[in-house]
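J.: Chains E and V: place on chain A using the hints.
Those protein sequences? They're chains A, E and V, same order as listed.
Numbering-wise, the first sequence is residues 1 to 500 according to my numbering.
Numbering-wise, the second sequence is residues 1 to 231 according to my numbering.
Numbering-wise, the third sequence is residues 1 to 326 according to my numbering.
Worth flagging that the hints you see were computed from the coordinates, not collected in a lab.
We treat Cβ as the ideally placed atom computed from N, Cα and C, and that holds for glycine.
You may find that some hints are simply not true.
Claimed, not checked - Sample of chain E residues at the chain V side, in silico, Cβ under 8 Å:
(1) Asn171
(2) Pro173
(3) Gln191
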Amino acid sequence: MGDLISNLSLGFGVALSLQNLGLAFLGCLVGTLIGVLPGVGPIATIAMLLPITFGLDPTGALIMLAGIYYGAQYGGSTTAILVNIPGEATSVVTALDGHQMARQGRAGVALGIAAIGSFFAGTVATLVIAALGAPLTGLALVFGPAEYFSLMLMGLVFAVVLARGSILRAVAMILVGVLLSTVGTDLETGEERMTFGLPFLADGIDFAVLAMGIFGVAEIMRNLDHTEHRDVVHKAIGRLLPNKDDFKQSYKPVLRGTLIGATLGILPGNGAVLGPFAAYTVEKKLAKDPSRFGRGAIEGVAGPESANNAGAQTSFIPLLTLGIPPNAVMALMVGAMTIHGIIPGPQVMTKNPSLFWGMIASMWIGNLLLLIINLPLVGLWVRLLKVPYRLMFPAILMFCCIGIYSINSLPTDVMFIGFFGIVGYALIKFGFEPAPMLLGFVLGKLMEENLRRALLISRGDMMTFLDHPISAGLLAVALVILGLALLPTIRKGRDEVFVE
Amino acid sequence: MDPTVNTPTAGLQRGHSARSSFGLVRGPQNLVAGATLVLLAALALWLTRDLEQGTLGAMGPALLPRWLAYAVGLCGLALVIPAFRKDGDALERWSLRGPVFVIGGILAFAITIRPFVFGGLTTPGLGLLFAGPLAIIIGGFATPEARLRDLVILALSLTPFCMVLFGDLLNLPIPVFPQALTGLFPADWSQKAVLRATAIIMAAAALIVFLSSRRRRRTVQVDVTDHSGRI
Amino acid sequence: MKRTLFTLAAALGFVATAAQAQGTYPTRPITLVVPFTAGGTTDVVARFMADHMGRTLGQQLVVENVTGAGGTVGVTRVAKAEPDGYTILMGNLGTQAASVGLYPKLAYDPRTDFEPIMNSASTPMLVVAKKDLPVKDFKEFIAYLKANAAKMNYGSGGVGSTSHLTCLFLESLLGVKPQHVPFRGSGPALNALLGGQVDYVCDQTVAIVPTVQGKQANGLVVAVQNRLPVVPDVPTSAEQGLPQFQATGWNALFAPKGTPKDIVTKLNAAAKAALKDETTRKRLLDLGAELPDEAGQTPEALAQLVSSEIDKWVPIIKGAGVTGQQ
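Looking at chain A on its own, in the form it has when it is part of the complex:
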């Protein structure tokens, strides 16, 4: 405990220097602004801003990059709430209820609760990293392919709960999502699957491309359908910040979301993506009236956003303690660290304590700064909604094109958002929901890879999933949730009358 305090005070000493504070602020601000642009998620943002940090000292550079990361993450949620375009997997869930809130004139409340929930989650996650970072590393190592497969399967079961309409349609969409994730070169044999021989499909479908098409572009087409039928009553923008009732409704989801997100964030191989989905599922299951979800329930924003931010932060643990990046963003951070002459690994903590603890302290400062930056910005974002839609959508369209092009510099990626836009439009017309498909897509890839890895290691023995206790436990949870979702009584509770 004494160690923790002295370490943290060392860290804050470093992070609170005028220069580092300035860099953290700048990082958060730039990250937020870039992250808000549709399609430009944290990976693209860090990659494009990496060179700006070249002239700085390593500590300052990393503090700024971490700021960019949180900023971009937060900016992505803003876009999801305002224009229903999730820039990355973790903000898909935020878009569900957040955007509905925006449509009801509660964009300010949604943005506000997202900022406050994120700040709380960030604070807790920082403490977790500082106090328990080293011991928690063990958790990352226990998770082998078998555990991972079961976790992903559980995630797919969550996706059933996530959907609002008929279970059959939700399951179909999840399966289609998993099927789409198998497009591309097979990880194990190197054979191309379902690529039509097209080189740009060889690496599979890019998540950003799929999400931007299915959510962003399809949403534009759908809105254009209804131009003549916009509500006659011009809804007031409403309160800009959450009030007492909003807080009362969301403090528990924030707590739960933080816990879920922080735990999943530690897992290797991008366990953090599951955080928001799990948080949403938990909130929907616990809610007295689950039918509010998907129609602008504040808990559906508070829980996932907290989980998102907590996971974003705790995913630094494997990087800082082992030097192993758990996901693509962290891999980029490794690159950034090596560019600044620091090889991440267990030695960083002992060899370079001022950098290590300075960075951890700056995480909390970064979260505070994000709150300070974003609360005033809420007003600005909400005012953006006043721009007439006929001018708004061409601008969104261009930003989507630029954002997607900037990721891989491939014009074919840009064309694909158009293609998936049509697909998404058709899905809406056929009464399918795109969110479960996106979740199936994200989890499907991880699920297949880990299934095959686990079976390679066990030489084809399916019992491996039950022999590993954690894996067996996760499968049991999945089974229970699936059972609950399929029970007819629960079915009646679902918000739509079944058509089948």
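T.: Chains E and V alone, transformed into the frame defined by chain A:
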């Protein structure tokens, strides 16, 4: 998505009729949705026909996609069959204008941002300078409310903003303008100087168009706030 | 963000910077295509080089990450680019040699479609075993592997990745066939090593050195001539009685075929200058990289390297029946 927004739409629209004209089909939306899933499953099966299925110990590339395809196909059938037995939702109308122009804008951007080869044809790489306005103006006509002048102003102001933001400040490797453009400027100007000058010229043009159209506009009743917070 | 403010000020004041007379290369920024994602080894090496070369040449080198199909998408783009010196490539062992064996439909020939500029940094390969594998050194490891090959698993960063190829090379030398478990990149593979789900991993210094230094895994051997300063305790393959086991990843600069000789010379000189620069040198050495000596810094030496590496790796790949992924 939002099932409450289910109202039939007027305006320039074509597409399938909402009625189930055949007495047999009672849930047209289910029928079409299910049939699409079945087709998708068939496509996946056809595409993976040459791939190894493998064994559990060494799963081949085709194992999972094939099982998934069967499952998707089953879901499709489960939607199709009741469509003949129970009444279901009608198929929503499809509009043509929105998708066509939106896709047109995206394609215009994709083929002009950098040289793009299809077949024997190569498009010139015009960069953001042209790709941006093309996307905005073509895409903008997706709504019948589009006004060319407004879109031109939007294109002329947003494009230089993006050029400076992405090309200059963030140093993003995105093509900004065709190389030929440098010829129009003094030879000793650097790329960045040309970029900034172009951006300023565009922004000025946007301002001029805006000011010249404003006086006329004032008399016309413009309804700019009617969008109901939907975005 | 003083720089940004300055840039803005410069924009408003029409300050034309870096004025260059027309006709002398380079008159505009050079695009350096990196066929992998930002932050990877090749990208990091490229950015170090680009930083210094840009200063030497008086024009910025803009790093463009064009990813896809194991890097071959980006390489194809450079192969087909205008040979004017404004588009160059940071290729590596995977894209310029192994790809020949991995991709039957490769759209370029590394030997004839490029003008080599210079090899900039090599990253030696290490074999690392999980901590509780009952072996003390590489010799014991070989004996153990030969006895238990059917039960053993090794992790890699993907089919056809340098880490996979190195393990394949070892297999072919020893005549054993343990189970390959591919992961998506080195990070997850290492995680599985530390968690004990796979028994050993072959990987580049950059990725693996921290875990060896931190004693979380057992560094068995470096597949190069001399011990590495970053892990001085790990013996070389020759010391452990398997001198044929030599494997190094390398990252080198190329221009499209037909780029004028004087431009290639200019780029080569700039790259040489970067390797002479103290800061750049130190940055690269800290990665655990090996830098080419004077004789290895010529375009001819790189051409030689490419063809000898193709001769070395393609039979190993074909022998194992691997088709490409990463």
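J.: It remains to establish, for every hint, whether it holds in the given structure.
T.: Structure-based check of each hint:
no., hint, result
1, Asn171, "7 Å, holds"
2, Pro173, "4 Å, holds"
3, Gln191, "5 Å, holds"
In terms of the numbered hints stated before, the structure departs from none.
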